[in-house]
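Student: Single-letter residue listing:
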Amino acid sequence: MIGNVYQTVCPGCNMGCGLYIREDEEGALAVDFMKSSPANLGKLCRFGMKLAHHYSKATSMVDGKESSVEDAVKAASDKLKGADVTMLGVGNTTNEESLAFSKVADALGTVVNTGMGVYSELPTECHPTVGVGITLDDIESAKRIALFVDPYVQYPLLVRRILAAKKNGASVVSVGWRDLHLADENKYIDPDMYESELGLDSESVIIADVHPNTDPGWVKRMLNLALKTQAKILFMKPFVNATGVDLLCKGTGQKGIPEIMEGINEGSIKTLVTLDSDPIELMPDSDAAAATLTKLDNLIVISSRYGPVNKMADIVIATEPLYAKAGSFMNVEGQLLNNSGESTTGIDAMSTLAQNLGGEALDYQGLHNNVLESIVQKFTKPNYKELACEVLDIGPMEEKKGNLIYLYNPFMWFDEPDDNDFVMVNMNTVNKLGLGKGAMIALTSDTGTVNMRYRVEDMPDGLILTAKKLPVATGWTTIVSTEAV
Amino acid sequence: MAEEGWEPKIVAFCCNWCSYGGADTAGMGRFQQPASTRVIRVMCSGRIDPLHVYNAFLEGADAVLVTGCHIGDCHYVNGNEKTEVKYKFLEEMLQQLGLEPDRLHLNWISASEGERFANFINEVTAKVKELGPSPLKPAGVK
Amino acid sequence: MTEQEAITNEESEELRIGAFICECGINIAGAVDCYAVADYISTLPNVVTSVVNKYTCSDAGQAEIKNAIKDMNLNRVLVASCTPKTHEPIFRACVEEAGLNQYLFEFVNIREHCSWIHMWEKEDATRKAKELVRMGVARAALLEPLQSSEVPVTDAALVIGAGVTGMQAAMDIADMEHKVYLVEQGPSIGGKMAQLDKTFPTNDCSICILGPKMVEVARNENIEIMSYSDIVEVDGYVGNFKVKVKHKPRYLNIDECTGCGLCTEVCPVEVPYTEFNEGIGTRKAIYTPFPQAVPLRALVDKSICIDCGACIKACERGAIDMDQKETFSELDVGVIVVAAGYDVYDPEPNNEFGFGLYDNVITTMEFERLINASGPTMGKVVRPSDVKPPKRIGFVQCVGSRDKNSNIYCSSFCCMASLKNAQLLKEKYPDTEVYIMYMDMRTPFRMYEEFYNRARDMGVRFIRGRPAEVTENEDHNIIARIEDTLTNEIVNLELDLMVLSVGAVAPESTETVRQILKVSKAADGFMMEAHPKLKPVDTTLDGIFIGGMTQGPKDIPYSISQGSACAARATKFLAQGKAMTEGITAKVDDDICVGCGVCVPMCPFQALSIEDDKLKILTALCKGCGTCMAACPTGALDQSHFKNEQLLAQVKNVFAYGEV
Amino acid sequence: MVNVGDMLVGYATDEDVRKRGASGGLVTAVLAAALEKGLVENVVVMKHINEFEAVPIITDDVDEVLASTGSLHSVPVNLAKYAMGRKVAMPAKPCDAQAVIEQAKRDMIDLDNTYIVGLNCGGSMHPVTTKKMLVAMYDIDPEDVVGEDIEKGKLIFKTKNGEEKAIAIDELEEAGYGRRESCRFCTLKIPVNADLACGNWGVIGDLAGSATFCQVMNDKGVKLLENAIDAGRIKVEPASDKAIAIRAKVNDVMVNLGSTLEEKIFPEIPDEGRIQFYMEQMADCIDCGACKEVCPVCACGEDSKCTMFHSLVDNYKMSMYHMIRLLHLTDSCIACGQCSDVCPSDIPITLLQSRFAIPAQRRREYTPGMNVDDVPPFFEVILK
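Chains as they are written, first to last, in the numbering used here: chain B, 203 to 687; chain W, 1310 to 1451; chain V, 107 to 766; chain A, 309 to 692.
Just so you know, the hints here were simulated from the structure itself, not pulled from any lab data.
Be careful, since some hints might not be right.
[To be verified] Below 27 Å or equal to it, Euclidean Cα-Cα: the simulated DSS-like pairs (lysine-lysine) are:
hint : chain 1 : residue 1 : chain 2 : residue 2
1    : V       : Lys-532   : W       : Lys-1446
2    : A       : Lys-625   : W       : Lys-1451
3    : V       : Lys-352   : W       : Lys-1397
4    : W       : Lys-1438  : B       : Lys-639
5    : W       : Lys-1436  : A       : Lys-625
[Unchecked claim] Away from chain W, derived, C-beta distances all over 12 Å, residues of chain V:
hint : residue
6    : Gly-167
7    : Asn-215
8    : Pro-293
9    : Glu-432
10   : Pro-490
11   : Gln-529
12   : His-747
All C-beta atoms in this analysis are idealised placements derived from N, C-alpha and C, irrespective of residue type, glycine included.
Using the sequences and the hints, build the whole thing.
Tutor: This is the structure in C-alpha cells:
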C-alpha cells in the first residue's frame, strides 16, 4: 500500500478512543475515523481531531548533542549504575513499554512512580474501584448521574453516553462551577451537603476524575459518597494507559509528581528517569517545574515526543511515535485495546538498559504475555468491584483558596495550543470591570500578569475558569486579581 | 412585543458608491430617522459575506440590511448581481432556520435617493419594533 | 530595512490611537454632545487621546492632528465628523504629512449618519455617536499600512462627443501638447449648436462662433477626429484605458471625397431631413450633413439607397464604395472626457399642447431650423400648414420640464431660448404679435435679465399661464385657452403658429456609453458627477470626466466652461504622467488557498487566475470591490483595508454588555 | 466493441475472485486490470480487517486489489477524499461518485485521472449498531457472520455453518437498528454518475449469484471494460431485456422506499418553534470540527471560514461554525451521512443539513455530484 495506516488509541485521556493514523508517502499525518471502535464509534473530541499535530518526533541526545539510540542507552546505563534513581511513568505509553520500564526499575532496585500520589493514601481494597470504573455502556443505563467533571471540556466522549442515559430516563446533576446544557440542574454546594442534596442511590453513577494534582482528600470524599449512597463510581483519568500502568506498577508508597518535585527541591532526589512523562507539561506551574528540574544531577528522558523536558535532559532516549508502537492499552473500563503497529524501538532500548543494569533481556512477546496474564486475567470480563471498605477518614483538606480554577483537559496535560483560548467569567464580573465585547481581561498573580479573552458563563461570582494553562497559575487553583486591559 | 422603550438595533451594510451615498443624501436632506441603525461601509455590496450577516445577528442585531447600487449601476459592473444570488440563499436559510423574514432586507438605493433611504430605515425599524428583540440576541447585550 | 519591513516593524509596536471628535460648528454639536462622546471613547482600550474640536477639517483642526501624531507618537488616527466621500482624502493627506501611513486612518460619519438625521433626539444621537466611534476605534486597531501603487499614464486623451463641450475640451487638452482622439457618433462635429440660428444673450449667429472652432479643431494636429464612430468597449483603469471604437461605414472613401456635392445632386432618393432639420425640408440618400460640416464629407443612408449607381458615376474622384464595411480601432488612452450631449424632449407621445395633432404646433428646434438662414426655408419663418408667414406666434414654456408627468427638473435654457427667438421675430417681422406663455421666466446670468427687458421693450407680450387647452380652427390656427394668473382672466389666444419651448433629456446613446464606462446615473437620467461642488466634472471612476449636457441640462456658456474644466482635470494625469491607484486591493494567503478557483469567475476585471493550484492576483487590474472575497470559502482571499476581521470588529462593537 | 450505454452481464475470469465477489467479481477484476495495464497508477480499495471493519487504502499492488473483493455493508466510509491528486481507479457507491464529482467542480480532483467503478447501493450500516442488532434481532454471534446481502427489502446474514437469516429492513429500522438514517431517504441507488454502474440487481437465470450486471455510463467506462477484457480479466455478454427490466424494477422499489421514508425522517417543524429546535439540536456541540474534516464534498483545508469560528469565546446562541457550513453546503450537500457518523455529541447533522439543502436544491432543480459541468448555484454568476 502507499504510505501507512495505523490503528491506534488517542493519547488524550483514559477513555480509549480508537482511531486510524494515516501516514502518506512524505510522512504527513492525518486522523481517520475507526467507526468499529466500541468505546467511541470512531468519534473524536477536539484533541483527537488535532492529533496530526500532536506526534512531534523526539531525537536521541547525549549532553545536548544528537546521538544514536544505542549511544544514548549506553550513556544512560553509565549514569544509572549504582545511583539512587527515581522513575516516573504516568501511562502516556503502552502496557508493554510500561512493564519494560518497571523491569528496569527492578534492576535498579526501585519502583516506577505513576505520579498518582492518591493511591498511596488510599486503602488497597478500594484501589480496584478507583482503577477500573463501570463500563461506558453501563453509564447509559444509570437512572441518576452526578457529574464532578465538565464532560464538554475534560472528557468529551462522555457527552454522548450521558445524553443516551437521559434518553433512557436518567436525570443528571452537575456539581461543577458552570451550568452544563446536558445537566438538569447544577448544584455548586458545600461538599458536606453532597450526600443529602444529590439524591443518589444504588441505581446512580458518580463520574469524577483523578489526576496527579488531585487532593487525596477529594478522592476519599468521592469514595465516601459512593459508599454511603451505594452509587457506582467512575474515576476518569488523564492518561491513555493510566489504568494499565496503575495495575502493572503496583505497590503503595509510590510518589505523586508534586511529591517528586518536592523531593528534587529538597535534594533527596538527584537522578530522575521519565517514560513519556514531562513534569513541565504535567505540573500546573510549568516555570516552577522547569526551575526544579535544573536542580537534578541526572535527568534521563525516554520519550516518543519532543517536549520541553527533552531540552533540559542530560540524555534523551527517543522512541517511535505512539501510533507506530507494538503494544496495548487498558482504558477506564478495563478494556484491552491494541495498536496495529509493530515497532519495538522503545522496548529494545529498555531491554539493553535493563541488561546493562544487571536485569534480563526483554522482548515484546514476553512482555505482552505478561500483561495478558497479570492484568487482563484479573479483568477478563471487566466487572465493577463493589466498594469493600468502611467510610474513610478524609483528614485535613487543603481548602480551595484561589479564584482562578483549572479545568484540566487533554490540551492542558500536553500543554498544546487549542482554539478555545479564553477564560470564563460571569456577567457580574464583566459589568463590574466594564469589559467591552471582544476586549481582554488582565489576570495578575504574584508570578506575573496575563491578558486573556473572556467568555461569559453562568457561574459563581468572582470565579474564573480556564481550560488553558496560564503562566500566572501556581496550582490547580490560584489567587488572581482582575481588571480590564 | 418587547417591554416599553425598547429600541431595535439594526446593522446596515452600505456600498461606498451608492447606498452609503444615499445615506449621506438622506443626511443632507435632513430626513429624520430613528437612531436604530448603524451603517458599516464596504466598497461594493458584493463584498458583503453571509458570514458578516450571520455575525451581526449572533452579536445581537435585531435586523440586518444589505444595500447597494441598482442593477446596472454597480461601480464594479455586476457586484450587486452576485449579491442577489447570495442573498437568495441567505434569505432561504434564515427563513428555514426560523428567523422572522422581516429581520433581513435587500434594497438597492442610489446615491441620490436620500428620502427613499430614510423611508426604508423608518419602515424596517417600525416592523422590527413590532417583532421585538431577535431570538439570536445573546443575553445581556444592549 | 526595506520599506515593507519598516511598515511591519512599526506594526508590532503597542497600539496608540488618537480620536478627534468634530463639532462641525453646530452641524454635529447641535444634536450630539461631542464632549460626552470624547470622554466615553477615552475609556476604550488603546485610545491614547480623545479630543473635541470645532472644525477638524480646518487648518487649525488638521494642525492639532499633526501635532498629536508627533507629540504622542500616535500610530492610528480616527476622525469622527462628516462623510468620508468628501473629506477622507483631506484627512488621509493630513496624517501622511505627519509621517503616518495614510491608510492608518479611520473615518466615522456622525453628521450625515447621525446628528443631521436625529436632530430632535439629542440623547439618542449622542448614544449612537458613541457607538459609531466605538466601532471606528475597533476597526482602527486592526488597520494595516498600505501603499497605493503608482501606474504610468498613456499620454493621450479620449473625448466622447464633439459638441461644443467636447470640442472645447479637445482643444484645451491639445493646446497643452497632448494627443486627443475626438470621437463623434454623428457624421460631423458641432453637435446640437450647429442647428441653432442665433445664441443668447449676444444674439450672435451660432454657426459664426461654432464654425471657426470646428475648423480650428480640424486643423489642430494633436486632435484626431473620428466622426461617424461609436464607442464599443472600454477596459483598463486610469492611465491605461483600452478603448474599442467602431467606425460606421459612410460607403465612400473619406480621403478621396471633397464634399463637392455632385453626388447629392444626381441622387434620385429624397426623404425628410430629420437628423439635422427636424424633418423640415429634405435630404438625399447620399448627402453632406450641413454646409459648414467638419469633416465636409458626404455619407450614404443605406436604408433608403436604391443602388441606382447615379452617385458613383457622378463622383469625379471615384470615392464611393457601396460595400464598405464597418471598421474598428483600438485606442490606448490615459484619460477619458465624456461630452455625449443631450436629446430634445419629444412632446409627441402624449401630444402635449396639440403637438403631432395640429400642423402649426412646432418645437424650439424646429423653429431654429425655420429661422436659420442656412436652414431649409432660408430663414423664412412659415406656418407648416400653408407655408405662409405667421402673424401671431406664441411660445409655450416648460414643455417636458418642471412637470411631474415628464421631467421634474428645469432645463435652464428654454426661457432664454424663447426670449431670443421672440426678439429675432420682432426684428425680422416687426408687425408680428409675439406671446410667451410662462410660469416663471428664468434669466439668471450676466446680461440675461437685460435680454429679458429688451424683449419686453420690443413689444413681446408675456402671459403668466400656460394653455390649459389647445384646439385648432378650420384654417389651422391654434386656439389656446390660458388662465392668466396675474389678471385672473381666461384668455383665448388665436395664434398662427405655436412654438413649444422643449427641454433636454438624456439620449439613448449616452445611456449606452454610460453603461460601457460604468459611470453612475443620476435621478434625472443624465450622468452623475462625483460631487456637485467638490468634484463637479469628475466621476467616481478615476480618470473619467463628464461635462456639458451629458452631465445635465445647461446653456452653452455653462457647457463650454465645463468643457475647459474637464480638460483641466483630465490633463493633470497626462501632465504628471502617473496616477495613484487606490491601495485597496485583493490579497491572498497562499497557505490557506486550496486553488478551488471558485473566485475566478467572480471578477469582472479578469484580475484572478489559478496557476499551479494557487490563486494569482493582477493587482493593477484589481479595483478592490471585494466580490471575490465573499465567494472564497476558505477565507484565504481578503481585502486590504476592508478585511474580514475589520468588518467583524465593527459588527461586534455595534453592541456592548453595559449601557453606553 | 463496448460502447457507451451498453447493458452487460459479466464476471471475473479468475474463479477465486469470482467466488469471493458479492456477485461476479467483475468490479475487482476491472480495478486489477486498470492497475496492471497502467491505465492508472493507484487503486483505492478497502483493506479487510474483519467482517465489520475495513480501512480504505491507496495501493499499487494488484494482490491487495484482488484481496479486497466482496461488498461490505457495515463499513460506511466515503472514498472521495482518498482519490485527491492521484491518477487512480476506485470502487464507488453513488455517494462516493457524487463526492468525487463535487471535488472535481472545485479542481481538487481531475476527473480525467479518476476512473469511478460504480456499485449499486441499497444502504450501508454502522458496524457497532450492526453487531448489537445481530445479538438482539438475529440471535447470531457477530464472530460467526461470513457475509450479508440486501434483497427484496430484506437484510440477510450468512453464518459460518451455511445458515441464512433474513428480516425485513423496515422492521429492523422500526426497532432502531438497520441502515444509517441518511441511507434510508437516499434515492440514488444506481451510480449513473460513475463511469460504470455495477451490481447484482438484474442478474438472473443460471448466472444468478455468480455474475455482475454492468451499465457503461461514459467513455471512461468503455476504456475500463475494454482494458479489463484485453487483460483477460473479465468476460461480458449483453444483458437480456428481462434482466434490464428486473434491474429497473428493483431500483424503482428501492428509490420509492427512499422517498416514502423521507417524510418520516423529516417531520415538519412548526414555524415559531423552529429556531428553538435548531438551537436545542446544536446545544451539545463541542466544536471539534470532525463534521467538516470528514465531509467528502468540502474542499477547504484546515483553515477556512467555518473553522475561523472554532473558538467558543463568543457565547452566541447559534454556532457561527455551523451556520457557515449550513450555507456553504446548501447547494452541494449529498446527504452521505458521514458527519452524523463522526459527531461526538451524536447530533444528527446530516438531517439538519438536509433540511436546508434538499429544499434549496429542489427549488433550483440542481442535484450535486451528478455532472461536473453544473456550476454550484451559490457561485452561479450572471455575467452579461
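Student: A cut-off of 12 Å on Cβ-Cβ distance, and Pro-490 of chain V was said to be off the interface with chain W. Does that hold?
Tutor: 40 Å, holds
Student: Verify this label for me: Gln-529 of chain V is non-interface relative to chain W, using a Cβ-Cβ cutoff of 12 Å.
Tutor: The assertion about Gln-529 of chain V holds, with a minimum of 37 Å to chain W.
Student: Please verify whether Lys-1436 of chain W and Lys-625 of chain A have alpha carbons no more than 27 Å apart.
Tutor: The given pair, whose Cα atoms are some 23 Å apart, holds under the 27 Å limit.
Student: Quick one, are Lys-1438 of chain W and Lys-639 of chain B close enough, alpha carbons at most 27 Å?
Tutor: OK: Lys-1438 of chain W and Lys-639 of chain B at ~24 Å, within 27 Å.
Student: Decide if the proposed pair is consistent with the structure: Lys-352 of chain V and Lys-1397 of chain W, CA atoms, cutoff 27 Å inclusive.
Tutor: Roughly 39 Å separates the two Cα atoms, so the pair is violated.
Student: Report holds if the minimum CB distance from His-747 of chain V to chain W is greater than 12 Å, and violated otherwise.
Tutor: The assertion about His-747 of chain V is violated, with a minimum of 9 Å to chain W.
Student: Quick one: work out the minimum CB distance from Glu-432 of chain V to chain W and report holds if it exceeds 12 Å, violated otherwise.
Tutor: 26 Å, holds
Student: Just checking, Asn-215 of chain V versus chain W, shortest CB gap more than 12 Å?
Tutor: 7 Å, violated
Student: Is the claim that Gly-167 of chain V lies outside the interface with chain W correct, judged by CB distances over 12 Å?
Tutor: At about 20 Å from chain W, Gly-167 of chain V clears the 12 Å cut-off, so the statement holds.
Student: For Lys-625 of chain A and Lys-1451 of chain W, compute the direct alpha-carbon distance and say whether it is at most 27 Å.
Tutor: Within the cut-off at roughly 15 Å; holds.
Student: Classify the label on Pro-293 of chain V as holds or violated, using whether its beta-carbon is more than 12 Å from each beta-carbon of chain W.
Tutor: 30 Å, holds
Student: Would you check the hint for Lys-532 of chain V and Lys-1446 of chain W, treating anything up to 27 Å between C-alpha atoms as holding?
Tutor: 77 Å, violated
In the structure shown, a violation is registered for the earlier hints numbered 1, 3, 7 and 12, in ascending order.
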